[in-house]
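Protein sequence lines, in the order shown, are assigned to chains A and B.
Residue 349 in our numbering sits at position 323 of the first sequence, and the numbers go up by one each step.
Residue 7 in our numbering sits at position 2 of the second sequence, and the numbers go up by one each step.
One or more hints might be untrue.
Pair ranges (Cβ atoms, derived) [said to hold, decoys possible]: (1) Leu70/A - Phe49/B: 37 to 45 Å; (2) Leu70/A - Pro161/B: 20 to 28 Å; (3) Thr128/A - Ser159/B: 32 to 40 Å; (4) Trp56/B - Ala79/A: 55 to 63 Å; (5) Ile43/B - Val323/A: 30 to 38 Å; (6) Ser205/B - Ser291/A: 34 to 42 Å; (7) Ser291/A - Ala203/B: 23 to 31 Å; (8) Ser31/B - Asp162/A: 38 to 46 Å; (9) Leu128/B - Val285/A: 23 to 31 Å; (10) Ala254/B - Ala63/A: 58 to 66 Å; (11) Ser82/A - His185/B: 19 to 27 Å; (12) Phe49/B - Glu185/A: 42 to 50 Å; (13) Lys286/B - Ser55/A: 34 to 42 Å; (14) Ala79/A - Ala146/B: 28 to 36 Å.
Computed from the model, here is a short list of chain A residues facing chain B with C-beta under 10 Å [stated by the list, open to error]: (15) Leu84; (16) Gln94; (17) Ala105; (18) Val298.
Source of the hints: derived by calculation from the structure; they are not laboratory data.
In this text, all values refer to a predicted model and were calculated from it rather than measured experimentally.
C-beta: ideal position from N, C-alpha, C; glycine also.
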Amino acid sequence: MSREPETPWSVRFRRERQAAWVELEDLVSRCERGGLAALRPEQLSRLPVLYRAALSSLGVARASVLDQGLRLHLESLVARAYLVVYSPKRSLLEVLVPFATTGFPRAVRAIRWHVLVSAAVLLLGGALAWAMYGVDPEHYYLFVDGGMAAGRDPTASTEALRETLFGDDDGDLLAFASMLFTNNSSVGILTYGLGFVFGLPVVLLLLYNGMLLGAMSALFHERGLGVEWWSWVLPHGVTELLAIVLCGAAGLAVGQQLVFPGPHSRLHALTVVGRRMGAVVAGSVVMLALAAVVEGVFRQVVQSVPVRYVLAATFAALWCAYFVCAGRRQR
Amino acid sequence: MTTFEPTESVLTPEGFELRFGRATASERLVALAIDLGIVLLATFALVLLLWFTLGIGAAMLVAFLLRHGYFTWFEARWNGRTPGKRLFHLRVVRADGGPLTVETVLARNLTREVELFLPLTVLLQPDALFPDQVGWVRLVAVAWILGLFLFPLSNPHRLRIGDLLAGTRVVVTPPVALVHDLADVRRAGQEPRDGVFAFSAAQLSIYGEHELSVLEDVLRKAKRNATDPALVEVAKSIGRRIGFDDAAAVVGHEARFLREFYAAQRRHLEQQLLLGRRRLKKVPRTTKGARPS
């Protein structure tokens with residue numbers, strides 16, 4: 027009589043379940059290559075069943091099976107299957123629409139105090155530069171370097187300055203708009219990333235941007251071009267500055283969680299705020315794209331000062347309404 | 006051979022502890038280099054193409070989108086993978102086991118500007134970033150930015166700052182083949198064999214789980230046909246340690262002896278496990294009368 031010598035019980039355990047594991051492995055490798063779409067409907071319905079079976083096999087194997095080869099296979103199989111079963115399957119539209127209607131305005135409302143502080147820092151920079159320009163116009167060069175000024179400096183004649191506000195240059199509008207967009211977005215993204223260094227660089231960056239604006243404003247006001255200057259800045263500035271302020275606020279919020287994590291561990295606090303701030307920055311980048319379109323196209327086309335103010339006021343009202351009201355209702 | 010060590014624990018929403026492999030810094034660096042290579046090539050090709058067709062504006066836009074969108078796009082579409090990561094079976098997963106949402110992917114990739122592109126610029130052309138700065142200012146800036154770049158080396162999970170902010174980890178999930186069961190005598194293509202060697206309960210209560218897994222490794226790595234000198238050596242030392250009476254019968258059949266001992270030992274330890282008794286390591290060798298158990 028042939029006796030089965032000394033067979034561990036795990037041998038039987040494996041014999042009974044192996045077919046299911048092999049089937050699951052096959053489905054998982056298909057999905058890893060081609061996504062869930064690679065499965066036929068009947069295979070798709072098998073997937074969660076097989077996953078749960080493998081999950082329970084792994085639980086048993088960890089507790090009481092001593093075959094390393096088997097345990098490693100199950101660990102890897104279950105981990106891979108988990109990633110397939112729980113892969114978020116959404117189309118681009120299903121991500122973008124909720125983001126625009128609720129996700130973004132809510133994330134901004136969650137950091138409204140940071141937004142106020144961020145705006146205050148920007149204004150402070152502006153006021154500082156304005157005051158220093160009043161003391162001595164030479165200070166202008168501290169805040170605005172030659173490339174940025176593009177001829178708009180204290181030595182320029184008033185007429186030349188007026189030209190820059192109403193210049194109808196026939197340059198490449200798209201090129202101008204994308205340069206503005208990419209530069210501003212890089213600054214915005216940088217601001218968020220720098221939040222990790224305790225928010226300090228964020229404050230500096232906001233101050234610097236405020237100073238740039240403040241110094242230029244002081245120059246134009248001194249020449250009696252104040253009304254025209256703001257009609258040039260505000261149509262796109264409303265959106266652009268708001269976006270920069272939001273990025274700054276995101277950076278500040280990250281920095282704050284790092285310094286004062288509250289009741290949670292520092293890591294946990296960072297994670298919660300980090301995800302939300304990622305959304306704020308992404309939304310801000312979209313805002314900057316809109317601002318660039320306005321700056322690159324509308325402003326070149328619209329030359330009348332009153333119309334420019336109306337445009338700016340409209341944008342301001344729209345953004346206010348959007349951030350205050352959108353996504354209030356629980357869905 | 007894949008060396009897969011499931012050490013990164015992640016608790017799933019249903020409360021099960023998954024264990025992934027930990028992605029090493031070098032794997033991640035190579036994957037990153039591949040991804041950067043793709044971004045660079047694509048940018049170069051598209052910028053050239055667009056510059057001459059639609060103008061410099063479109064070219065700049067596409068370069069920006071590639072630089073900031075490539076990682077986010079792929080990680081969101083492919084559930085935590087990019088083409089480079091895919092080659093090494095790397096995955097971004099959430100440390101809390103939840104699904105990888107777009108916000109999470111954004112949070113971890115928006116910091117690349119500070120962590121990656123800034124240090125790269127510093128390394129390649131420091132003058133672009135700090136024109137006419139005093140030497141020591143530049144030195145401090147370079148040190149600071151390199152510090153960010155090297156940050157992952159400072160923690161065991163190899164988290165970079167984006168991972169901290171997003172609450173993600175990069176893990177490795179290589180497929181591990183289901184190897185045959187060494188203790189299963191009814192293996193496909195083989196006649197069931199009778200057990201030849203018998204072991205007493207006392208002989209089986211010496212070794213623990215650790216030794217069992219070492220023995221499993223030895224058996225799996227041993228050559229199939231010829232008698233492996235490693236097997237002979239191991240068989241000898243086990244026979245001596247457990248006091249196997251019929252040492253002469255083992256000679257020439259070491260592989261079989263070890264295989265049967267492995268099966269018997271596993272059966273014994275698993276039985277004990279079911280009774281709630283776990284033995285991880287072998288009992289220490291006692292010198293005569295030195296230590297009463």
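query: Which of the listed hints are broken here?
result: 2, 6, 7, 8, 14
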